[in-house]
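Student: These are the residues of each chain, in order.
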Amino acid sequence: MSFQATPELEAEVHELISHYPVKRAASLMVLHAIQEKFGWISSDAVQWTAKKLELQPINVFEILTFYPMLRQEPQGKYAIKVCRTLSCALGGAYELHKHFCDKLGLDAHKHGPQTTKDGKFTVEFVECLASCGTAPVMMLGEKFYEDVSNAKADEIVGGCK
Amino acid sequence: MSTAATTEIKPALTAIEHIKVKVDGREIEVPRLIADWSGKLTPTTMIQACELAKTDVPHYCWHPKLPVVGNCRMCLVEFGTPALGPDRKPVFNPDGTPKIAKSPRPAISCATPISPGMEIYTKTPAVKQMREGVLESLLINHPLDCPICDQAGECKLQEYSVDYGQSSSRFVETKVHKPKAVDLGPRIMLDAERCILCTRCIRFTRDIAGDDALGIVNRGSYNTIATFPGIPFDNNYTLNTVDVCPVGALTSKDFRFQMRAWFLKETKSVCTSCATGCNVLIGSREEKIFRYTPRDNDAVNASWMCDAGRLNYKWIARADRLKEVLVRGQKSTWKAALNEISDKLKNAQAGSVAIIASARQTNEELWLISKLKSKLGAISDSIPRVGEADKLLVSADKNPNTNGARITGICFTEMGINLVKISDGIASGKIKTLIVFGENIVKRAVANEKLRERETVSEVVDEHAITAELLAKLDTLIVSDILPNETTKLAHYVLPGCAPAEKRGSFTNGKGRVQKFMKAVEAPGDARAEWEFLHDLVHNVTGQNGFVTIEGLFNQMAKEIPVFMGVTWQALGDTGVTVQI
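Chains as they are written, first to last, in our numbering: chain A, 1 to 161; chain B, 1001 to 1581.
In isolation and in its complexed conformation, chain A is listed as follows:
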């Protein structure tokens, strides 16, 4: 297994498991801890987790694939999250998403997050970012943007070095 857990992660996972009556209950928290550390959760990491929790890898894989915010692939340097819940969808979120995809050479019709070949950008749809009055909204990393027009989008992408 190529996944190497640091002693800190080992300790953290050990601690997390101790919070629950059964080991399996800690699955989600352990995955969060791994993602926090590595940015994504590899297949080897899933097997490592399964071993820690005395489960079969498929049991952990089910959880990993259920939650879109648990990443199965490394994220790009800049993560673009476009809101597509109702207000933003009506306010042009799909057009905005397509604009990003076209600009960055990605396929707007593909399901799930997509990363550019150079690993610089990841574009994905997310659910409500809680600013329905200023649709369409998006996030770049942890930064929040409102009323994102195509021009503003270009500006945002342009600002990413």
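The hints are simulated quantities; they were obtained by calculation from the structure and are not laboratory data.
No residue lacks a Cβ here, since even glycine has one placed at the ideal position from N, Cα and C.
Watch out, some of these pointers could steer you wrong.
Said to hold, decoys possible - With a straight-line cut-off of 30 angstroms between C-alpha atoms, the simulated DSS-like cross-links for lysine-lysine are: (1) A:K23 <-> B:K1065; (2) B:K1391 <-> A:K52; (3) A:K81 <-> B:K1065; (4) A:K98 <-> B:K1180.
Unchecked claim - A partial selection of chain A residues facing chain B, derived with a Cβ cut-off under 10 angstroms: (5) L16; (6) W40; (7) S43; (8) Q47; (9) L55; (10) T65; (11) P68.
Once you've looked at the hints, dock chain B against the given chain A.
Tutor: This is chain B only, laid out in the frame that chain A set:
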């Protein structure tokens, strides 16, 4: 201890209280508790009560031998329970019958326990509407291409569509497309689009086979049955998931697209790969076997069988099968060969004949051989086959009829201990004639000196000293087998026999269950069922005239051998009878 034959091993039901419920207005008494998939007594559910009342309730995810999950919603029914007044006392109608308070909501009959006086309604317009709704929902993303689906003809989705489906789909949006022809493991192919996510396969492999290999990945309409990437679905019971799959999602790589299910002739038979004797259905068409599927028998294999046994049928259709009667290498006829053999045996000196029969032969055949044996004063034995057992079905004894060989006196409890006497007898020249049935004895033969060496270090049970050199010393070597091998090559007489799928007969399994099996396909060429020519041979040699039908033969055997306690062929039924061994 009672010596009466039992036909079923069931938990004692006498202690369980019975309660009255009504199914569609018909009152029936059902036990309050029924054994669940793990054998534990659990409250009887509405679907089980309906089953006992012989009322069909359509269902996908519920399976009597699997844990209940209640996710398909197809078994929704309406129901009512006796009404209670404000004083918590039953309320009665003017005619004295208890007043029934109908539940305002339906319930899934697979997971709702019954209660005394409960009324279950399975045929109301509301129930019909619910079934139609559930079915339409299941068909939203399901491809509507039954003609090219391998499951067509034995698909629950298809069957219920006839009952509750619409002639055309109202769904105009684009269907969700999921992976097709996914290689789940060495024997299983998945079509995720056809899957209705009932999770029967997941529960089977997790709870019955004990290999938690399958799960549901992704979410919402992208839900898909999957294995963990890189870990193939490969245990010895994977093909049972194909049987429990109610739709065309899981298919057997061996059987898929080989034959339409409705063309198959299904013959009740028994698996011959080990001493468990799982009940099977042989699916054949035009004298060709296409598949084995397990047949329910709670006393033996429940509803399952192992993959190894299921796929162990290809040898029957091998092109090099023995198809001709050979006398000293020349093609002959049954009549000529049997007459010659009969004359030789009749004139044989007492004690100069040895018989090695096979514990793969039927009770009837072994019994006929035992008649020859006693007439000729012959020594006999058969060859043990030992392998590995598992916790579920597979037995360490790879012979299907070891107990039959013991009961008929062909071998001792310890099979194979006479082989040394036979090899010594041949070596000393005392044994001049050897009759071998269905065993390639040369294969496991080890030169005498070496064998002695080995016996001091380990318990070698299936090796013996009857080598090809030793066989060459015999005056007469008579071999009956199905496939050619080293021993048939050395034989003076070769009598082509039948695979169990090509004849009728019975086996006694490892636990003493006597089970009969039927003929599925014709044997090739001149090959004849062993019991048929053995009957002729016994008649010629002993002068006794036995029965010429398998029924008569079995009944006569059961009368003569005390262990069988006079059980009749008819009484064996489809699932057999357990005798005290």
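Student: Is it true that the CA of K98 (chain A) sits at most 30 angstroms from the CA of K1180 (chain B)?
Tutor: Roughly 28 angstroms separates the two Cα atoms, so the pair holds.
Student: With the threshold set at 30 angstroms, check whether the alpha-carbon distance from K1391 (chain B) to K52 (chain A) stays at or below it.
Tutor: Holds - the C-alpha atoms of K52 (chain A) and K1391 (chain B) are around 27 angstroms apart, at most 30 angstroms.
Student: Against chain B, with CB atoms and a cut of 10 angstroms, does the hint on P68 (chain A) hold up?
Tutor: holds, 8 angstroms
Student: Is the shortest C-beta separation between Q47 (chain A) and chain B less than 10 angstroms?
Tutor: holds, 8 angstroms
Student: Take the C-alpha atoms of K23 (chain A) and K1065 (chain B), compute the straight-line distance between them, and say whether it is at most 30 angstroms.
Tutor: Holds - the C-alpha atoms of K1065 (chain B) and K23 (chain A) are around 28 angstroms apart, at most 30 angstroms.
Student: With a cut-off of 10 angstroms, does the beta carbon of S43 (chain A) approach a beta carbon of chain B closely enough for the hint to hold?
Tutor: holds, 6 angstroms
Student: Taking the closest Cβ pair, is L16 (chain A) under 10 angstroms from chain B?
Tutor: Cβ of L16 (chain A) sits 22 angstroms from chain B, so the hint is violated.
Student: Given the hinted pair K81 (chain A) and K1065 (chain B), is their alpha-carbon gap at most 30 angstroms?
Tutor: violated, 47 angstroms
Student: Is the shortest C-beta separation between W40 (chain A) and chain B less than 10 angstroms?
Tutor: With a minimum Cβ separation of about 15 angstroms from chain B (threshold 10 angstroms), the hint on W40 (chain A) is violated.
Student: Quick one, is the T65 (chain A) hint okay against chain B at 10 angstroms, beta carbons?
Tutor: holds, 4 angstroms
Student: Does L55 (chain A) pass the interface hint, meaning its C-beta sits closer than 10 angstroms to a C-beta of chain B?
Tutor: Holds: closest Cβ of chain B sits about 8 angstroms from L55 (chain A), inside 10 angstroms.
Comparing the model with each numbered hint stated earlier shows that hints 3, 5 and 6 do not hold.
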